[in-house]
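Spelled out from the first residue to the last, the chains are:
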Amino acid sequence: MTGGIGAAIWQGATVLIGGALLGLVYKGIDRKLAARMQARIGPPLRQPFFDVVKLLAKENVVPDHAIAWLFNGAPVVSLAAVSSLLFYLPLGGFAPLLGGHGDLVLVIYLLAVPAIAMMVGGFAAASPYASVGAQREMVMLMSYEFPLVIALVSIAWRLSTILPEASVFSLSVLAANPLWDWVGPLGAVGLVLLALALLVVTPAELSKIPFDIPEAETEIAGGLLAEYSGRNLALFYLADAVKTVAMAALLVALFFPYGLADRLWLSGPLAGLVDVAFFLIKVLVVVFFSVIVVRVGFARLKIDQAARLFWIPVTGISLVGMVLLILDRVA
Amino acid sequence: MTEKERIVRVPIGPQHPALKEPESFMVDLRGEKISAVSLRLGYNHRGIEKGCEERTYVQDVYLVERVCGICSHSHSTAFVQAVEEIAGLELPKRAKYIRTLIAELERIHSHLLWLGVAGHEIGFDTLLMYTWRDREAVMDLLAALTGNRVNYGLNTVGGVRRDVSPEQIPEILRVVDLLEERTKYYIDLALTEETLAKRLVGVGKLSKEDAVTLGAVGPTARASGVDRDTRRDDPYAAYDEVSFQVVTDDRCDVFGRAVVRLGELMQSYSIVRQLVKNLPEGPVAVKAPLKIPAGEAVSRYEARAARTCTS
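As they're listed, the protein sequences go chains E and R.
All letters in the first sequence, in the order written, are residues 1 to 331 by the working numbering.
All letters in the second sequence, in the order written, are residues 1 to 311 by the working numbering.
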């Protein structure tokens, strides 16, 4: 029994540390690729590691009028929430560590926690920039959550009509039974639309250009993060890096969970290795198209424009996707 | 909540990432709408006027050049023109042409800079990186022609201090061709990229009437449909010998100002080509008298962002 607990702790630590390292590596790749696209040389791939180490060594300033425990608590909660996301997501060929204890609904909540933590931290900072940022974050959260939930729930519902026995909200079940194998042409179109909606939601979920409105450096001087420094900022930085990987892993699990090893008739440790490598590439592809290209190619939107974008076209696309999945069931 | 509590007061400046120089805007926000602004300018008062009073005409040329780093040539030109008028100097044609050439190259670098900064402010850093990369070409050209990137030190009372050599002419034309190609791309981008238009259209409205009553000048006035350009209306240096169009726009917002600047870039390329093609032979300066009497003169100059007057 003790061995079981020891192994669990070992696995958990691996996932946490691996997730953080992976997040920083992807951030490095993101910065390098974005720089190349902007005709710059860009920082070395290790730069995010340097950044975190430097921030951790810096003084942690808490503003005089801030509510200190909320202000200091927000970054911890934020990083804890995104890190625990990693326990519920299938990573490569491995089933999620806590797959039996939480499902898609929990993932949706955990995805919202960092945004809420940042909002609380922003309000607690008692700075006008942070307050404006927190208000904007609130509007963003209300805008992109709806299409996100529609997409996730539609997929789970469609799977429940195919496998009535399975617990369809479990991510390992979702990943093990890709919908593409079951649906007809109508459903396939619906799935493509839902994937599109989620690709648009991803940069908003991660507060990246064109949806970095709550942080908007040139308008509100970093907004939510304006008053953060030192260790707290490092934690937010890490949380952002890990969330990028988690969000991409979620999209991969929902829309492209296929492994490569089966197709290459591999087995044993090599199969695991190939699957992990393939998974990392899939995550990179998602990050590339929904974060890097988007943040290089667009200007930051205004908050009302972003809200309208999510409420009308993106919600519309995901609703059409849902209706197509329903029609696919009827047909 | 009372009306007062609903307002968030956001200080933009004196130090703020969007500002290039210290100035303060206290912005009262109701949600995302601005309900009031109070301004405080003048953080950057450096006493240059007083400094000028205590120096000689020639020393002043270099002091005045340092009023602004982006438009240094405009200040020194406006100043030496006034001094030359007092001294009664008639400039050689080649000097006038070279002054105009540097003036237009300065306009090109400044408009590219403005475009990049505008991109940066709306979170479109790619535009900043592209325009500033292209701007390096014209900065290098200015350094090759004058010896300096920013404060050119080219003007002197009675002409210019450096000649343009025949070997430099192909380089000027090469840079202008390159930049013209890039500017066409930016014009296309500005007119088709939707997020750019979304951030710029309808922002910073200045109606034509307001532009006239408030005395707006430069690209700001022209973007509000005011057809006004010192280069055409009161030509100085060699502007009466080149042909160009005054670009105006009726949008009256930041988008219009971007369109006007892009159009002016194209005009500047054409002006530079004409100047280089018709560059007259001869000396680049006349000897200024050692003693210039005290006097009063007004000189006007269409600078890159406003109009510089020296009296």
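Just so you know, not all the hints are guaranteed correct.
[Claimed, not checked] Partial list, computed: chain E residues near chain R (C-beta under 10 angstroms): (1) A39; (2) A221; (3) S267; (4) G268.
Keep in mind the hints are simulated off the structure, nothing from the lab.
We treat Cβ as the ideally placed atom computed from N, Cα and C, and that holds for glycine.
Verification of the supplied hints:
1. A39: holds (5 angstroms)
2. A221: Interface hint status for A221 (chain E): holds (5 angstroms vs cutoff 10 angstroms).
3. S267: Check failed: Cβ of S267 (chain E) comes no nearer than 46 angstroms to chain R, outside 10 angstroms.
4. G268: violated (46 angstroms)
Of the numbered hints listed earlier, those contradicted by the structure are 3, 4.
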